[in-house]
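Got chain A; can you put chain B on it based on the hints?
As you go down the protein sequences, you meet chains A and B in turn. Take -14 as the starting number for the first sequence in my numbering and just add one per residue. Take -14 as the starting number for the second sequence in my numbering and just add one per residue.
Heads up, some of the hints might be wrong.
Since the list gives no way to pick out one identical chain from another, each pair is judged satisfied if it fits inside one copy or across any two copies.
The calculated DMTMM-like cross-link candidates involving lysine to aspartate or glutamate, where the alpha carbons are at most 20 Å apart (straight line), are [unchecked claim]:
id: 1; residue 1: Lys520; residue 2: Asp580
id: 2; residue 1: Lys112; residue 2: Asp135
id: 3; residue 1: Lys137; residue 2: Glu270
id: 4; residue 1: Lys222; residue 2: Glu187
id: 5; residue 1: Lys27; residue 2: Glu63
id: 6; residue 1: Lys27; residue 2: Asp60
id: 7; residue 1: Lys552; residue 2: Glu502
id: 8; residue 1: Lys27; residue 2: Asp215
id: 9; residue 1: Lys485; residue 2: Glu608
id: 10; residue 1: Lys593; residue 2: Asp580
id: 11; residue 1: Lys132; residue 2: Asp284
id: 12; residue 1: Lys112; residue 2: Glu61
id: 13; residue 1: Lys137; residue 2: Glu387
id: 14; residue 1: Lys599; residue 2: Asp568
id: 15; residue 1: Lys385; residue 2: Asp568
id: 16; residue 1: Lys104; residue 2: Asp93
id: 17; residue 1: Lys137; residue 2: Asp285
id: 18; residue 1: Lys385; residue 2: Glu554
id: 19; residue 1: Lys604; residue 2: Asp580
id: 20; residue 1: Lys552; residue 2: Glu387
id: 21; residue 1: Lys485; residue 2: Asp450
id: 22; residue 1: Lys132; residue 2: Asp285
id: 23; residue 1: Lys137; residue 2: Asp284
Hints in this document: simulated from the structure, not taken from any laboratory.
There are 2 protein chains.
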Amino acid sequence: MGYSLSHAYGAAFDNPNLLVACVVGDGEAETGPLATSWHSNKFLNPVHDGAVLPILHLNGYKIAGPTVLARIPRDELEALFRGYGHTPYFVEGDDPMEMHQLMAATLDLVTSEIQRIQKDARANGFKTRPRWPMIILRSPKGWTGPKVVDGKLTEGTFRSHQVPMGEMSHPGHVQILEEWMRGYRPQELFDQAGRLRSELAELAPQGSRRMSANPHANGGLLLNDLHLPDFRGYAVKVPVPGGVDAETTGVQGQLIRDLVRLNPVNFRVFSPDETSSNRWGAVFEVTNRCSTAEILPQDDHVAPDGRVMEMLSEHQCEGWLEGYLLTGRHGFFSCYEAFIHIVDSMFNQHAKWLKVANHLPWRRPIASLNYLLSSHVWRQDHNGFSHQDPGFIDHVVNKKAEVIRIYLPPDANTLLSVTDHCLRSRNYVNVIVAGKQPAPQWLSMDAAMVHCAVGIGLWDWASNDTGGETDVVMACAGDVPTLETLAAVDLLRKHLPDLKMRVINVVDLMKLQPQGEHPHGLSDDDFDLLFTKNKPIIFAYHGYPWLIHRLTYRRTNHANLHVRGYKEEGTTSTPFNMVVLNDMDRFHLAMDVIDRVPGLLAKAVGVKQAMRAKLVEHKRYIEKNGEDMPEIRNWTFHGVNTP
Amino acid sequence: MGYSLSHAYGAAFDNPNLLVACVVGDGEAETGPLATSWHSNKFLNPVHDGAVLPILHLNGYKIAGPTVLARIPRDELEALFRGYGHTPYFVEGDDPMEMHQLMAATLDLVTSEIQRIQKDARANGFKTRPRWPMIILRSPKGWTGPKVVDGKLTEGTFRSHQVPMGEMSHPGHVQILEEWMRGYRPQELFDQAGRLRSELAELAPQGSRRMSANPHANGGLLLNDLHLPDFRGYAVKVPVPGGVDAETTGVQGQLIRDLVRLNPVNFRVFSPDETSSNRWGAVFEVTNRCSTAEILPQDDHVAPDGRVMEMLSEHQCEGWLEGYLLTGRHGFFSCYEAFIHIVDSMFNQHAKWLKVANHLPWRRPIASLNYLLSSHVWRQDHNGFSHQDPGFIDHVVNKKAEVIRIYLPPDANTLLSVTDHCLRSRNYVNVIVAGKQPAPQWLSMDAAMVHCAVGIGLWDWASNDTGGETDVVMACAGDVPTLETLAAVDLLRKHLPDLKMRVINVVDLMKLQPQGEHPHGLSDDDFDLLFTKNKPIIFAYHGYPWLIHRLTYRRTNHANLHVRGYKEEGTTSTPFNMVVLNDMDRFHLAMDVIDRVPGLLAKAVGVKQAMRAKLVEHKRYIEKNGEDMPEIRNWTFHGVNTP
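If we strip away everything but chain A, and leave its shape as in the complex, we get:
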């Protein structure tokens, strides 16, 4: 998949005694993620990081075609790797014995060079970015394999990809295989009984020096729990639901700051230059952006020992973080929601790895891969349509239920509780979606903790169906959908005070799935209790609405479920217009209720008319003023039930 070099650097960060030798095939070297990963050397600090020795292996061919890097002149190749900041050492040839000696001598040379760099930096502190060595190894494809098969050159050509002599049923091919295998002179390697000669067997490394038994390759063995600050200490005071505003991810940023402070050698933040933008700026009170390249006085919090890893490559962030986690450390990836799709394919491989590793008893659990997705689909007033895509969630839920978790905290206190939970978890991929703009806060910390522990809950303070029959269930998942749902409830209570509504908020999206499909899934009885067996459900959801149907199609009351969400309508517009364009605003939700509660339309035709008029007024207002109507901007929740 071509991501190995960024993984290698992730493994080397904060591992001062580790040398990661990373062989890069010339095929994978053509991929984009690999092509930019060479620049990882601008983020490696010889004082407290280990070293990476990249070995570019040029054998000249992919499956069928030649590779790019094997077909450029030597001066260009050398210039390229000097340009990437390395000193390249060439190991080239096709005589095995000569090549073994040349490789051994070169390895001695580059490891002493690496040791010199480290010794100097550790004695004298970091001065300037070193020019790390790397090796360019050029050897024939299918080296030492059959030279010619069926009259066609094979060694050194694409024909030696996979099985060089092709179908074994072909006459002569068995003989070629036999000659090839005899070329290894098995009579010198094995004794009469067919056992590997003991003097040779002894050459292999022992114990934890064996590659697969190296604890860095089973990072859970090295994993230490994080020192976690008490997340309740960052709580936003919410005397009454909707009574205060806060920047949700900004509050989380304070927790992240203290995590960085308390865990100086095994926790890092990774982001494509979005740490500040996603409101984690507090981390710069205790650390910096990492760079071992040139730093200028006007730079904002950049230092060679910074623990915030920012490069404008989601691939690089993902690869670094995976490498860091796989070697037993912890981290958090903060990204704009729409652009996390860039790592869809890398996420796939990590989730597949977790699924398989979960069933290998000798593999020790590693820290979960935690994503904060902010600057999300509903708040792209500056960037517009190109930045609107909540589909990473859909991509994630296709993977095995045992390894994936998705959280949509509606406010800061729920986000704090979810974050704490994710940081304690092991062997999951945790996706958290939360907004960064100032927004109303709903739950006190005590309420938030209960809500997050259950993952889904009836908000009685916003409901008015207690003790009576419910007319409609108002469900929501995500911060903006929660806001619009509560605003719709507010409107409906004002206009239709007899309507009995139940408000349900979903933090843990997997609660919606049947218990048999996901370990977090609600039982059917619990689901029916919450969502009723036969009342209309109006569900406002953060992402593509059909995901909610896909999660709930087996539930009793699915036929009455009506979901609003993002349906690829958007532009550079006001925040409220974004929800209007996707029919998820308070007025649409209220009209959905009027349309779907049996018998209500006849009584509420005037209310519905008024909602429609509001949407026309909204459109005219934003066209004229470029911002939302004051009644939208200044709206606060009034529907709280007093005890």
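Positioned in the frame of chain A, the structure of chain B alone reads:
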């Protein structure tokens, strides 16, 4: 998004008179796709392609952090771009008048260099890859903007990102804005009435020399229909359903070969080195892989004028193809199914672009973006779990229905028909999933054409419910699911001859959606006629099963729909074991029927027992023999109804 340079090359291919100047920001230059796209120059032929002039713009900052390429020494920077195969020309400074002159002089220099290269190649033929010029432009971020705001250096720093003076409500900021704007000396640019002075207005290009009016920027204006061979000429003769085997994509490859032959200047094939692997080898009868880098005698069909664009970077293939389509040409992207997720984010942007362009009346339609996804999830006997992911379809269906189409042809003749349709279409993204291994062929060309025109159909030759009541609907979409469904029908007819089954095959996945959701969607009446209103439906689907639920949850008979598909179970195993691991094999499908047809279990408990025993036998057999049981490998369809 960082893909602009590969788009620029896509625009330049086969456009001999076009010079594409492409400004690459130093932020986007950090992304993986951009980092590898510099190597596009190894695929550009000065004889018949235009030229690309990359202008790397170093302004030093992203949103908040410094950029990598602005912080490496000049000698590394120069080495990097020489290593990428360019001659870099530096334009650096901060005095506007000096910089204008320097830039103008440099542009004169590099364009004359480009002309020299082209003239030579066009007079003397292609000899060796030229060292194309590129420009490294270094200027301050926020250049000529406010120097200092609130006592903080702004021009030349990250602070000039977006709005350099921040909130306009802040005292003094309006004044800074005014001074800045006055710096442009508007009194010299506009007359008394506020009109741009005519001598200045005349400097702007006229007519189609204006950037947005350039026909290359509205490629539909330049689009010529493809010369399409008659796809029926490649038909596989299918005297009886299941009577012959063929490599489905291999047959398609013959059509692609003739497309290349008939359209020598406006059709190319793009693939990450999978053209041969995906069985399109026939194209090499008429063309080659493209490379202007070094070519060796043992290379397989590589030439500087090849029309098969292979680089091991899905990003590069996607960017090249998009650029080629956007400038009015045609192409096809052939990829392994699992790895097409690598371009999820690029697909997103193209689909969003199409959606918006569709509603701009002056934008002329362009050729559709066509994907062949092969080496698919069900046939990874060599590669295993890491190569198994059919989720690109799920990703695609989240985009606007008006621009996306998904086809799952079950055999070669349906694939030919679908391919012809996709090549004639405009402004869509067409995703075709088809296998490359020898597989039974079901439909004659006449039958295939009717089946594809309708997109979904009842296969009466495989059904036995004519004239009577249907007991169960056996639906399938995809080649392997179709095979297993027909094998299940075969088994059930043998064991339970009274069972009345209806076989439905889906080629055009969007037929399943409600008419209101997708223009291809079946009406509810038609859906009910095919799938019945109340009989069990056993649906074998190529991808993640829940997608079928998401497409059909509003249909009358959804409660009786039972879907089998890929559920993330797999390894390096036999082909049949892959379907067994995911419960989509003939035995599981037959047991599903027995379990779900009311009253059948009581009569068929022995049959179910036999199916279970077969699965045990299968497991034992493959463990011992490493291949599938003969009855699986040699199975042919026997259930054809004779007229």
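Q: Could you work out which earlier hints the structure fails to respect and list their numbers in ascending sequence?
A: Per hint list: 2, 4, 8, 9, 13, 19 violated.
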